[in-house]
Amino acid sequence: MSSLSLRTLSKTFQGTGAVRGVSLDVTPGEFFAILGPSGCGKTTLLRLVAGYERPDAGSIVIDGQDVTSMRPQERGIGMVFQNYALFPHLTVHENVAFGLQTRGIPAEETRERVDRMLGKVRLSGKAAVAVTSLSGGEQQRVAVARALVLRPRLLLFDEPLSNLDAALRLSTREEIRILQREEGVTTLYVTHDQSEAMTLADRIAVMRSGSIEQVGPPRELYDLPASPFVAGFLGGANLVEGTTDGITFVAGELRIPLPPSHRGPAPGPATLAVKPEGVLLSEEGGEGSVPSRVVMREYLGFTTAFRLRVGETELRSVALSSSFTAGLEPGHTVGCAIDWTRATIFPGGA
Amino acid sequence: MKRLAAHGLTVGLAAAFAAYVLFPLGMMMAASLRSGGEFSFAHYRFLFDTGNAGNLEAVVNSVVVSLWSVVLSGLLGLLLAFVFTQFDFPWKSPLSRLAVLPVALPPLVGVIAFLFVFGETGIIPRGLQMILGTSGAPLSVNGISGVVLVHVYSFHVYSFLFCSAALRNIDSAQLEAAAGLGSGPWRTFGRIVLPELRPALIGASALTFMASMASFTAPLLFAGDKRFITLQIYQTKLNGDLDLAAAQSILLTLVSVFFYGLLTSAFPSGAARAGRKGTARPGLLRVSGGTRRILLAIAIFVLSLEILPVAVILLLSFAREGSWTTQLVPSAYVADNYIALLRDPKMFEPVMNSLLLAGLTLAAALAFGIPAAFFATKGRRGKGRRVIQMVLTLPYAVPGTAIAVALILAFNSPLWTTGGSVLVGTFWILPLAYVVREYPLVLRSTAASLELLDDSLLEAADGLGASAWRKFRTVTFPAVLPGVVAGGVLVVIAALGEFVSSVLLYTYASRPVSVEILAQLRLFNIGAAAAYAVLLMVIILALLRVAERISSPLASDRGFSYLS
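Same order as they appear, the protein sequences are chains A and B. Residue 73 in the working numbering sits at position 73 of the first sequence, and the numbers go up by one each step. Residue 1515 in the working numbering sits at position 515 of the second sequence, and the numbers go up by one each step.
Honestly, the hints are just simulated from the structure, not real lab data. It cannot be assumed that every hint is accurate.
[Stated by the list, open to error] Chain A stretches covered by chain B per the calculated footprint, using a threshold of three residues with CB under 8 Å from any CB of chain B: (1) 78 to 88; (2) 274 to 284; (3) 316 to 325.
[Unchecked claim] Coverage of chain B stretches by chain A, computed from C-beta distances (three or more under 8 Å per stretch; other residues unrestricted): (4) 1175 to 1183; (5) 1454 to 1466.
Beta carbons are placed, not taken as given, at the ideal position from N, Cα and C, and that holds for glycine.
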């Protein structure tokens, strides 16, 4: 198992910083996800690690060895591309064997290793089949097998599930996680899908505009976001800009007294980040609640989502479906309170 | 009513196809099987008679030359395509246009331009002779190798265009994956890139083979005493043995059609591709700096050789007649050739003839080709459609020489399909020959546009309550226009420079420019011949420019813009 360290890595394309001074440490055997919206530089970061791009500054260290100036094939890296990049005129077996043959591994050993790997990805029966005739999910597994068969020090994934339909995405996600654990290979996984990152990764780095916003285990990022951006991206939090005097948060007509746990931010502009499940609905006039108007209701089965309006401020709320939520039609007025275990006050604007 | 009109159109198309395409080909077949007025295989026995080796030698020469043309054109086109898609260098865009210049040259113009530069008395052999001080030219292009070189000059554009498109289509992720798996650029080229290029190479090879087999001008001017099947047909016709010419034409046609079948079956439409859902960036192979420099140098050397014939034709068009005898280049330059061409009605007559012929050919090719394209694409589904498309485009696989022989045999007596007159020996046989040979260009490009037209667009228009006319005007017409324009332009270019059929069918009054160029050359009026050639080139380049304006940006994806 190998470790990966990135030191102040930077890459600029035509004057625009795609990756800006990124430093990271991935421990041996870890499943590490890089999460961010499209255009945040996460794929560039991955391509820097793989060696398909050269950094302008900084270094990439695998197992204590500086690989920054090495070519892709010298780094001991396996990569699974977003579109899989399978060779269309080769069979499943030939695709997986390609890297072994390039390295001059004897034919007998190649066959054994390919067969073993195809067994692991449940494609033993399809070794002689043309990759073009496989389903999307099967192609994806061939791509993983092709990368893993070389026993790489590091396995890289570039949004590997984005071409699959929702149901297949869930099952493939599980397979990737199981395979990664079995092989114990250190993994860097790029995605824009927060549920993918949350379910797969031991730790997540949230990226924004080429920089890392926060690194931590999924739960820590969810419960203790370090910035409004992380709160918004990871938990889909409501971000309300306003001001605070350290005791109360004010945004237009919305006035919320802060509980003792959240008091004390410096007086001035502040952002309230509260997750939808932290916006609690109650009968109008309930204790600590402010009146709000229902703008829209979406019945999702187990839960019901609402859009509420308090003065000029719009809030999203999610509650378990009940007879109470069923009675809340658009236009109704409802009491609205904050669950402070699901909310954070950040100094400054969003 | 609508159904009735559709049926009427179908019957009309079928009747025209039968009367002007199938009937002449049938007459040619019948003539080839006739000897002394009776059914006989005598002509074919004669063709394959080892005691009279001339015909066999001609077939062998044609096939050998065609195979060499395929190999060398393929390699050269691939090399240029590789350089233009993989490397960045200054002036890349204008240079890529120069690379396809030979395809815009009428066959005769290309061949005589080549003759002036590389032929026995051409500029380069003369230059070498002067530099080396030898008595004769130390190196010149003639005989079998000369014909091959002319073919490579004209036909490598096919593999250049096809391979360029295929190379641009290769996904960068595939090449990166190969590099990441430890594969070097050469291995990646051999195992990943080349297999992807296979359909393009096969397609270009089949086209090159067909064009080489049908080639008449290059053997006529370069072959010397070597026999070629197209020349044999021409000679046989001049000797008046039309039935033997028919048998020779059938033989040539069969070889051509065989390779045409190979071409159409080697292009599986909508070939399956693995994992091409994401955005594909053009893939680049990471070749070393040294390799890059060598390939670039070769490409630039080849391109300069390509430009040379055109430049020389331009130069010669200003040469005073008689000023180019033993000198390296003509000794005196004047505008006389152009002045004579434009002022003297006798000189200008061939230009008018060619323009008229091109206009008539275009009108008829559109009138037949567009409905035929609708019929071939929207009328039938599945296998039947492919068969119909193949049959309808068949005449394109028949060499021009054979078409001419077939028309002579079919229309040398009065017929009701020709209004009771004999077409042979009249002006009208020429446009008929051009149309029969060229309408498949309109059909194919229009059909290609129609195939791309998503039926759901028409359904959406129906659902939105559009009338049939509105649907045609807003959905079908814009979708088909690029194909129609592309096909139409190719037809006009082919008609303006047509030589192969014309030389068997023309009369003095109807002689087109190409025939006149050859006549001027035979009189050693090199300046006049060159001026005609330049005029043709200018008209063709202007046409391409106009066509690009009309059909861009829709057509630019299909490499059409390359042609200008």
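Hint by hint, here is what the structure shows:
1. 78 to 88: Check passed, 10 qualifying residues.
2. 274 to 284: Since 0 is below three, the answer is violated.
3. 316 to 325: Since 0 is below three, the answer is violated.
4. 1175 to 1183: holds (count 8)
5. 1454 to 1466: Contact hint for the stretch 1454 to 1466 of chain B vs chain A: violated, 0 residues under 8 Å.
Violated hints for the displayed structure, listed by number in ascending order: 2, 3, 5.
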